Amino acid sequence: MMRLGLGERRRISCTVNGVARSGFAEGRTLLSDFLRHELNLYGTHVGCEHGVCGACTVILDSRLARSCGTLAMQADGAEITTIEGLGDSDREPALREAFSRHGALQCGFCTAGVLLSVKHFLQHNPKPSDGEIRDMLSGHLCRCTGYEGMVRAIAEVAEGQP
Amino acid sequence: MKPAAFEYCRPDTLEEALAALAEFADDAAVMSGGLSLGALLNTRLVQPAAVIDINRITGLDRIEVTGSMLHTGPLVRQADALNSPLIGEALPLLAAALPNVGHYQTRSRGTLAGSVAHADPSAEIPLCLAVLGGEVELASSRGRRRVGAGDFIQGALETGREGDEMLAGLLWPKSQSGDGVAFIEVSERHGDFAIAAAAAVARRDGDALRYTLGLGGIEDRARLTSGSAPAAASAFAELAEQAAGDLARQLDPMQDRRASAAYRRHLAGHLGAQALEQALVRAGMEGGT
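One line per chain: the protein sequences are L and H, in this order. Going by this note's numbering, the first sequence opens with residue 2, and the numbers climb by one from there. Going by this note's numbering, the second sequence opens with residue 20, and the numbers climb by one from there.
So that you can see chain H by itself, here it is in the shape it has in the complex (with noise of 0.2 Å):
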């Protein structure tokens, strides 16, 4: 397996990756880390005219806060972002889910946006940011743009990109003191494509906590939903399996290889209540986690 013939450009800037997006139009890829474009190509699932190779670009690797927003440059690989400090701690969601996310090996080159990018449904670096409620950055030479991560992501390998756009960044709300997630997944070997992936936040706001649910690799892209919990209550186990029940019996699940719709819809109910729970449970502990 060998891709189809492509004209191959590397940019040594920003602007020019955005000139040549703009030359090729709907007709280019972007490779950052190559770990899922590089399979496309091989497999020919994608034909592009051109392969943008962005990893010449100095400065797209960065990890940076603005104001209440973590921002990750396109460049930021999966192996740096798990063992950046700044991540553990201001996107604790995130590096809960970043050891389910493919390899040792290939997290080392893989980076964080183009796991947004590609959107396949059972990514979990997509579920964080749709659950958290993140933004995805766009550049174009027309300029920028910023759109909510629900909103950017349509369908299995469908995103609200334009042909001319690439992916500036990623924008995270930061965690505060407090807020308690959980990340959960079933695949068939850790590392493997989630069947089924749940990731919970909840944020103590006066006497009542605040939670959004989302689920991964049921539907084509994440299923979300939210709601909120008296803080004082003495557990949360029923309320966590209601919300998340509700949930799962309004998808209409995936069917493959790996699992059939019904025991997905029965892994997204379980797996849900379990991190709801959690969740629940650490934003109504005295300091959080």
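If we strip away everything but chain L, and leave its shape as in the complex, we get (with noise of 0.2 Å):
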């Protein structure tokens, strides 16, 4: 069993965006922290800080994590994707693209873990209904856009219409 004491540091490794990086962390470290203050990967958003806004949302072995709720600890050994991660690959020029067009982002402080959240979402439901990606969005929390730029942006790369 590995022990953490009060206060006390350890290395953690793991893989992000398919680099091997590491950083220290203590026990009570949060996951959003340590990619941003020790990885210095500052795409990770911190909105609410528990669990509820989506901001920090990242995938962490194949599963989406609040990483605000997810410890550093809990990393240790794991894949993990942040927005830095989003690049040329699958549909992601296609969805920053259609993001773009239907004004999908205004501010742009809850993006990243909403495109987190999207990518995670197209490659297990490929052809979602608009019902469907809208209960998906539900899980983020946006103060811009009203959300209908993000419905009409997800549908249309679902689509896979210019």
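Wrong hints could be hidden among the right ones.
[As the list claims (entries may be wrong)] Ranges of calculated distance between the beta carbons of each label pair, as one might list FRET restraints:
hint	chain 1	residue 1	chain 2	residue 2	range
1	L	R10	H	H285	49 to 55 Å
2	H	R63	L	C108	28 to 34 Å
3	H	Q261	L	L7	56 to 62 Å
4	H	K193	L	S101	48 to 54 Å
5	H	K193	L	E133	25 to 31 Å
6	H	A41	L	L7	16 to 22 Å
7	L	H125	H	E83	20 to 26 Å
8	H	A175	L	R102	43 to 49 Å
9	L	R10	H	K193	45 to 51 Å
10	L	R10	H	D265	57 to 63 Å
11	L	R10	H	G246	58 to 64 Å
Note that these hints are calculated values from the structure, not bench results. Source: prediction; values computed, not measured. Cβ coordinates follow ideal geometry from the N, Cα and C atoms, glycine included.
Two independent chains are provided; combine them into the complex using the hints.
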């Protein structure tokens, strides 16, 4: 059993966006803080910090995780995808372009988490209905867009049309 | 909001987890998905001396049939339960409730057992477990025991778990062919905490339909009523309204920012009647659902 005492720090090694990374964390260090302050990946945004707003959502070993409700220790040896890892593969360029064209983002604070949810969602449900898209988006708070642009952008990418 | 310092323990086996729980007695928190505990830690509503992270213990994510029961291990994720054909067939009430449990994102890591251990009054999973007459399996280094779901949850975030125990699984009585089930809830947005939730099951027993109706989100824990209806009845609306209304009138509803006590009582009667009627109609039909 691995144990880490009060205030003790330990090296965490993980694969982030396909690259081996490591940094130090205490038992209580949140994954969101580890990504931002140890690995300098500031694209993961921290909103409510109690698992409600969805801004800090990342993909941890193929599952969506609220990184503010996940401990850095839990990422030890794991594979993580953050917004910095979304690039030119799969439908990512189409998604980025559609989000831009449909006004699916304004201030961009929620967008990092939303895009990781969308990536995971479309992998598991490539042809979602509008209802399913709206249901998935209910896990994110956006105070700018009213969500309609996101629904249109995701539906368009899922249909594979420009 | 950051957690207060704690000792972090990551056991590789259940025995190691139980030994750590015994060592910290009343002052350890078991973490599975972290969707409820994470929020409590961050807001410092709980400040345990140790967090015992059970995510690396193998074999705790199994869904198994044991006789007339389905056993779900402590690491069965809500998303996996929702996608499980076994649960879809054997536990249609849980399958109907799961889309209301949190969001697509939170169900990915959130567990069935974690929701029961957390005991939020508005939680759907403990409501279903209580309505089905299921049990909670508790393990400690002293041994194992089972507690009925109704007795396990003692109030808002209060359970009968001893300090050195952890949930070793949930035991769900399997549905029988012809059973009728229904689950309905009202929340601010779909997936948010239920303002009121109603779960009902009905089963044919000779000339009668035996039913149980449970209401969640109204008081500090699920409240149930059971009874029977003539299977040959042409309609169940009146009986369902009566039964749900009787239960709703006995309740002392919570009051918060989202809903007054009076509105919760109204919802309890209304949703309860709808759910019970649907369950009875389905059980009354040939084949049921």
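Now the hints, each set against the structure:
1. Our hint of 49 to 55 Å for R10 of chain L and H285 of chain H holds, since their Cβ atoms are close to 54 Å apart.
2. Checked against the given bound of 28 to 34 Å, the beta carbons of R63 of chain H and C108 of chain L, roughly 29 Å apart, stay inside it.
3. A hinted range of 56 to 62 Å for the beta carbons of Q261 of chain H and L7 of chain L is consistent with their spacing of about 58 Å.
4. Range check, K193 of chain H to S101 of chain L: Cβ separation about 50 Å, and the 48 to 54 Å hint holds.
5. Between K193 of chain H and E133 of chain L the CB atoms are about 29 Å apart, so this pair conforms to the stated range of 25 to 31 Å.
6. Here the CB-CB span from A41 of chain H to L7 of chain L is close to 19 Å, well matched to the stated 16 to 22 Å.
7. Judged by the Cβ atoms, the range 20 to 26 Å given for H125 of chain L and E83 of chain H holds: they are separated by roughly 25 Å.
8. A beta carbon spacing of about 46 Å between A175 of chain H and R102 of chain L agrees with the range 43 to 49 Å that was offered as a hint.
9. For R10 of chain L paired with K193 of chain H, a C-beta distance near 48 Å keeps the hint of 45 to 51 Å intact.
10. The given range of 57 to 63 Å is respected by R10 of chain L and D265 of chain H, whose C-beta atoms sit roughly 59 Å from each other.
11. For the pair R10 of chain L and G246 of chain H, the supplied restraint of 58 to 64 Å holds, since their beta-carbon distance comes to about 59 Å.
Consistency note: the structure conflicts with none of the earlier hints.
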